[in-house]
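*Asks:* With the hints as your guide, set chain B onto chain A.
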Amino acid sequence: AQRVTQPEKLLSVFKGAPVELKCNYSYSGSPELFWYVQYSRQRLQLLLRHISRESIKGFTADLNKGETSFHLKKPFAQEEDSAMYYCALSGSNYKLTFGKGTLLTVNP
Amino acid sequence: GAGVSQSPSNKVTEKGKDVELRCDPISGHTALYWYRQSLGQGLEFLIYFQGNSAPDKSGLPSDRFSAERTGGSVSTLTIQRTQQEDSAVYLCASSTAPLVYEQYFGPGTRLTVT
Chain A
179 AQRVTQPEKL
189 LSVFKGAPVE
199 LKCNYSYSGS
209 PELFWYVQYS
219 RQRLQLLLRH
229 ISRESIKGFT
239 ADLNKGETSF
249 HLKKPFAQEE
259 DSAMYYCALS
269 GSNYKLTFGK
279 GTLLTVNP
Chain B
2 GAGVSQSPSN
12 KVTEKGKDVE
22 LRCDPISGHT
32 ALYWYRQSLG
42 QGLEFLIYFQ
52 GNSAPDKSGL
62 PSDRFSAERT
72 GGSVSTLTIQ
82 RTQQEDSAVY
92 LCASSTAPLV
102 YEQYFGPGTR
112 LTVT
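Residue numbers (the numbering used here), protein chains in the order written: chain A, 179 to 286; chain B, 2 to 115.
Please keep in mind that the hints were generated in silico from the structure rather than gathered at the bench. Treat the numbers as computed from the prediction; the structure is a model and nothing was measured. Some hints could be false.
Claimed, not checked - In silico DSS-like cross-links for lysine-lysine, where the CA-CA straight-line distance does not exceed 25 Å:
(1) A/Lys278 x B/Lys18
(2) A/Lys235 x A/Lys193
(3) A/Lys278 x A/Lys251
(4) A/Lys200 x A/Lys273
(5) A/Lys278 x B/Lys58
(6) A/Lys193 x A/Lys243
(7) A/Lys273 x A/Lys193
(8) B/Lys18 x A/Lys273
(9) A/Lys187 x A/Lys251
Claimed, not checked - Listed next, with one range per pair, are the computed distances between beta-carbon atoms:
(10) B/Thr71 x A/Pro253: 47 to 53 Å
(11) B/Ser74 x A/Pro253: 41 to 47 Å
(12) A/Leu281 x B/Thr14: 25 to 31 Å
(13) A/Asn285 x B/Gly17: 40 to 46 Å
(14) B/Ser8 x A/Leu224: 21 to 27 Å
(15) B/Lys18 x A/Pro253: 47 to 53 Å
(16) B/Ser67 x A/Ser204: 27 to 33 Å
(17) A/Arg219 x B/Lys18: 25 to 31 Å
(18) B/Gly52 x A/Gly194: 45 to 51 Å
(19) B/Glu15 x A/Thr238: 46 to 52 Å
(20) A/Ser233 x B/Ser74: 44 to 50 Å
(21) A/Thr238 x B/Thr14: 40 to 46 Å
(22) A/Ser208 x B/Gln81: 26 to 32 Å
(23) A/Leu188 x B/Ser74: 46 to 52 Å
All C-beta atoms, glycine included, are put in the ideal place defined by N, C-alpha and C.
Pulled out of the complex, with its shape left as it was, chain A reads as follows:
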C-alpha cells in the first residue's frame, strides 16, 4: 500500500522567513514524488516533481529514501506563496496518492 503523510495541516510564517513543508511517504518500491499547489480560487496544479530536480518559484524538494521524505523548502517565503500544498506519490503507473495537504500562510 502507498501512503503520504503531511503532518502539518496549517503552517504560518512571516515574509522572508524560511519555510519547510513536510511530507513522508510509505511505499515498498521506487516511488515518484510530486508537490501540487492550489492557490486561492485557482486550480490544483503541479509545482514540481522529484525526478526533474528543478527549482520552481524558489521551491525545492529532495527525495530522501532513507527517511522516506520529500520535504518542500524555500529559503525566503513570499506572500504570494500562501496556498494549499499537497504532496503526492506515484507508485503504480497511473495512480496518484495525495496527502491531506498543508495550508501555508505567509504573513506580511
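*Replies:* The following block gives chain B in isolation, referenced to the frame of chain A:
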C-alpha cells in the same frame, strides 16, 4: 489551449436525489481521473479511465457512485441517492499518458447535499 472543464461549478441537492457531474478533459488526453476533495481529507482517488481499457473503480466509496466515459472523451460521475457525507468538491483531471507525469485539473464541482 482549453483546459479541463467541469460542470456544474456548484450543485446543491436534497438528500436522496441523484446528481450527475460532468468533465471535459483536454483534447487528446487519454487518461482521465476523478477525485474527491473533502475538508481535512485531502484528495481521495475515485476512478481512472485510460483509453478503451476497463476503468479502475477501486476508489469509489460505495455502489451509489458510478462513472462512465463516452467516446474516450467526456466523463460523467453519477451519485445516486445522495447523502450528506457526499458533500465535497469533485475534481476531474486528465493527462496525456497512463504514466503519471503531469495531471491537469479542472476547477471542480462543489456538491452540497442538504
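*Asks:* Could you work out which earlier hints the structure fails to respect and list their numbers in ascending sequence?
*Replies:* Hints 1, 6, 7, 8, 20, 22, 23 are the ones this structure does not satisfy, whereas the remaining hints hold.
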